[in-house]
Each structure stands twice: as C-alpha cells, then as structure tokens.
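Enquirer: Start counting the sequence shown at 1; every next residue gets the next number (this note's numbering).
No lab work stands behind these hints, which were simulated from the structure alone.
Where a beta carbon is used, it is the ideal one built from N, C-alpha and C, also for glycine.
Hints may contain errors.
Said to hold, decoys possible - Here are the computed distance ranges between Cβ atoms for each label pair:
#: 1; residue 1: A57; residue 2: P176; range: 17 to 23 Å
#: 2; residue 1: A133; residue 2: A57; range: 22 to 28 Å
#: 3; residue 1: A68; residue 2: P106; range: 27 to 33 Å
#: 4; residue 1: P43; residue 2: M177; range: 34 to 40 Å
#: 5; residue 1: R151; residue 2: G188; range: 20 to 26 Å
#: 6; residue 1: R163; residue 2: Q204; range: 27 to 33 Å
#: 7; residue 1: R151; residue 2: A57; range: 17 to 23 Å
#: 8; residue 1: R98; residue 2: T205; range: 16 to 22 Å
#: 9; residue 1: L136; residue 2: A38; range: 20 to 26 Å
#: 10; residue 1: P43; residue 2: P203; range: 23 to 29 Å
#: 11; residue 1: D32; residue 2: E159; range: 22 to 28 Å
#: 12; residue 1: A187; residue 2: E110; range: 25 to 31 Å
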Amino acid sequence: GRGGEVCLLGSEGGERGARITGDRGSVLWGADEIDQSAPGETPFWTVPWLFSQANPAVNRRLREVVAAWARQGTRGGPLVELFAGSGNLTLGLAELGRVTAVEREPGAVELGRRNLAGRQVRWILGDSREELARLLDHNGTPELLVLDPPRAGARDLLEPLGRLAPSRILYVSCDPMTLARDVSSMAGAGYMLSRLCLLDTMPQTYHFETVAELRLGPARSSRAST
Numbered sequence: 001g002r003g004g005e006v007c008l009l010g011s012e013g014g015e016r017g018a019r020i021t022g023d024r025g026s027v028l029w030g031a032d033e034i035d036q037s038a039p040g041e042t043p044f045w046t047v048p049w050l051f052s053q054a055n056p057a058v059n060r061r062l063r064e065v066v067a068a069w070a071r072q073g074t075r076g077g078p079l080v081e082l083f084a085g086s087g088n089l090t091l092g093l094a095e096l097g098r099v100t101a102v103e104r105e106p107g108a109v110e111l112g113r114r115n116l117a118g119r120q121v122r123w124i125l126g127d128s129r130e131e132l133a134r135l136l137d138h139n140g141t142p143e144l145l146v147l148d149p150p151r152a153g154a155r156d157l158l159e160p161l162g163r164l165a166p167s168r169i170l171y172v173s174c175d176p177m178t179l180a181r182d183v184s185s186m187a188g189a190g191y192m193l194s195r196l197c198l199l200d201t202m203p204q205t206y207h208f209e210t211v212a213e214l215r216l217g218p219a220r221s222s223r224a225s226t
C-alpha cells in the first residue's frame, strides 16, 4: 500500500514480533501480547495495536520520575490521570492512593484493568475533555492531575483545566512544540512551570519524552480555594 511502517515489538528480552502498518491494515507476526516488565517485576502486558513506549529502559525511568514527582507534595488527596492508556504511568501513581484513570480506547481500558488488578484504580472509559467537565460538576478539584496526551497535545483541555484549577499538573509529552504551546497557554491560566525532565527515548534521533510540572500560582490558588 501507499506509505506504511514496519515496527519491531520488543521488551527487555529483545524483539518478540513485528507489525506492518499501511493503508491495507496490519499484519502481525509473533506474540499477540508482550510483557514489558523487567525480570522479577509483576507482568505488564501490552498488545501491538495499542500505543506503548518503544524503549523499555527509558520507559521504566519515565514511570519512576512521574511517580516520584507525584509523591512529592501529595497528601493522599484524589489523583486524576488523563490519556491513561493501559496503565503505564498509572502503575506508579496507584502506590500513592486512589487514582481515577481516564482513557477513550476500550481495549486499553480492558488491558489496564488486567494490568492493575487489585490496585486502587477507578477506570473511566471516555473522552478526557468530557470527563474533566464531569469532575467540575460532581467531584471537585483533584490534588494532582497527570496527563500524557498524543503528539497533538492537549489544546482542547486547557480551558476546562483552567477552570478545574488543580494545584499541580504533571504533563508528559512526546512533542516539544505542542508542550511549549500548551505550557504557554497554561501560564495565562495562572500556572508556573516549576521543573522539567527530558528522557532520551530514541538515542541519536530528535525523539524524547518530557515530564513538565506546573504549579498553580499563589494568587490563583487563593482565589480557587475561596
């Protein structure tokens, strides 16, 4: 077909299969499910037709950074994760308390429930913008909000995020341009960029993952609490 890609599917043990994607659909070879956990860890399953990080070692570091930053300053209040996928970041967040994980892909939610069975995670199958509106109406403001949007960023969420006004946001991004755009817009809603972590996902390419922490400024925080 016109235009396509060949992707190797792997984990700590090396390649386990391949996927060929083009305008005629996908052809799979090898494992239908892949365990992305390191030796000795609880299995964490993914499937070829759902997004997953391509570099297991860097992905493990990404999880560690998000969980560590989430832990700092969190007092056991409600945590909300948008674009949760099959639970890649949720795994670490669930150690801090109950997490509401929002994801629009049914297969990802099904796999996430399996990966995090027994953890304090409430899965919501739905659109992130719509679920933010429901939070505004019914659940109040979460202590921490984590989002890991696709490459297009989170432009559609910025207005409801500004109204929801969580005290901290952890924004995980795979695209510096859309991250810069969204962080700039969030500054207009009273948020300050407090720190960044860059992870070299694919060495010798321009691809990397960024974790950005945004904190609500003092003036806005006092207004949000009244």
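Enquirer: So, for every hint listed, does it hold in this structure?
Expert: Hint check results:
no.: 1; hint: A57 with P176: 17 to 23 Å; result: holds (21 Å)
no.: 2; hint: A133 with A57: 22 to 28 Å; result: violated (38 Å)
no.: 3; hint: A68 with P106: 27 to 33 Å; result: holds (31 Å)
no.: 4; hint: P43 with M177: 34 to 40 Å; result: holds (35 Å)
no.: 5; hint: R151 with G188: 20 to 26 Å; result: holds (23 Å)
no.: 6; hint: R163 with Q204: 27 to 33 Å; result: violated (42 Å)
no.: 7; hint: R151 with A57: 17 to 23 Å; result: holds (22 Å)
no.: 8; hint: R98 with T205: 16 to 22 Å; result: violated (38 Å)
no.: 9; hint: L136 with A38: 20 to 26 Å; result: violated (39 Å)
no.: 10; hint: P43 with P203: 23 to 29 Å; result: holds (27 Å)
no.: 11; hint: D32 with E159: 22 to 28 Å; result: violated (40 Å)
no.: 12; hint: A187 with E110: 25 to 31 Å; result: violated (38 Å)
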